[in-house]
Structure formats: structure tokens, C-alpha cells
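**Q** Sequence:
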Amino acid sequence: MQYFVMQKAKELGIKVMFDGQGADEVFLGYETYIPFIYNNMKTSNQETFFEPLKIFSVTQESILREAQNHKDFQGIFDRIQKGSHIKKEYLNKNDLAPLYDYQSFFSFNIRELMQNNLQALLRFEDRDSMAFG
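Residue numbers (our numbering): 1 to 133.
These aren't lab readings, by the way, just hints derived from the structure by calculation.
Take these hints with a grain of salt, some might be off.
What the hints assert, rightly or not - Pairwise CB distance ranges (calculated):
hint	residue 1	residue 2	range
1	Ser107	Phe132	34 to 44 Å
2	Thr43	Gln2	34 to 44 Å
3	Thr43	Ala131	42 to 52 Å
4	Lys15	Gln119	22 to 32 Å
5	Leu118	Ala9	38 to 48 Å
6	Phe18	Arg123	46 to 56 Å
Glycine is no exception: its CB is placed at the ideal position from the N, C-alpha and C atoms.
Model the full assembly from the supplied sequences, consistent with the hints where possible.
**A** This is the structure:
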């Protein structure tokens with residue numbers, strides 16, 4: 001979609017655009033964030049857990065409904081380890097711990113943005129915006 005937006009901008013002679021690309025990454029709009037939300041919910045009471053999410057217009061019901069799909073991550077890990085043909089050295093709990101261990105919503109967001117999303121976001125932005133000069 002962004003490719004076509006940039007194409008139209010070129011046709012209209014627009015040189016600079018703010019297109020909103022990346023807002024989902026910055027505002028945690030993807031399902032990859034459910035493990036963090038779930039762990040945060042397990043370790044805090046409901047009042048403090050839902051407070052930071054109010055700014056994202058996320059309902060308690062939608063979070064709880066989604067969390068039901070992600071039972072206990074330790075249990076999932078154990079099932080994978082027991083019934084898997086994956087070598088044990090690739091299923092090290094210490095290696096996987098950083099995926100679900102965050103001290104705050106802010107630290108989680110920073111890690112996701114810097115280590116996972118920013119490179120892809122910039123690559124797509126650059127490719128699409130440069131396609132038309």
C-alpha cells in the first residue's frame with residue numbers, strides 16, 4: 001500500500017511525506033506483544049496492569065480474551081521440549097528468557113522497536129520512498 005502512496009506522491013510532485021508507517025510498531029499494535037502483556041498481567045494486580053493500556057484504547061476484555069489463547073508459557077516450553085525432535089541445546093530456557101522477561105512496558109517497547117521492528121521498518125520506508133526518486 002505504501003508503495004502506491006509514494007507513487008501518487010511522485011505524480012503530485014510531493015517531495016516530503018509523513019505517512020504514519022511504523023505506528024503499529026511504536027504503539028504495540030501487533031499480536032507479538034501478547035506474551036509480554038500476559039506476563040505483566042500474571043505478576044500484577046488488575047488495576048495496575050490495565051492502567052498503562054488505557055492510552056491505547058485496548059479493552060480489558062480483549063486482552064483477557066487474547067490471553068486465554070496463551071496459557072502458561074512455561075507449560076508450552078515444557079511440552080515443546082518433551083515432544084520435540086529439536087535438539088535440547090536449542091531449547092535452552094536461559095536463551096528464551098529474554099523473550100518474556102521485561103521489567104516494564106517501556107523497556108519492552110524499546111527492545112522491540114530497536115531489535116526487531118526498526119530495521120524492517122526503515123528498510124521498507126527506504127525502498128518504497130526511493131522507488132520513485
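**Q** Are there hints from earlier that the structure breaks, and if so, what are their numbers?
**A** 5, 6
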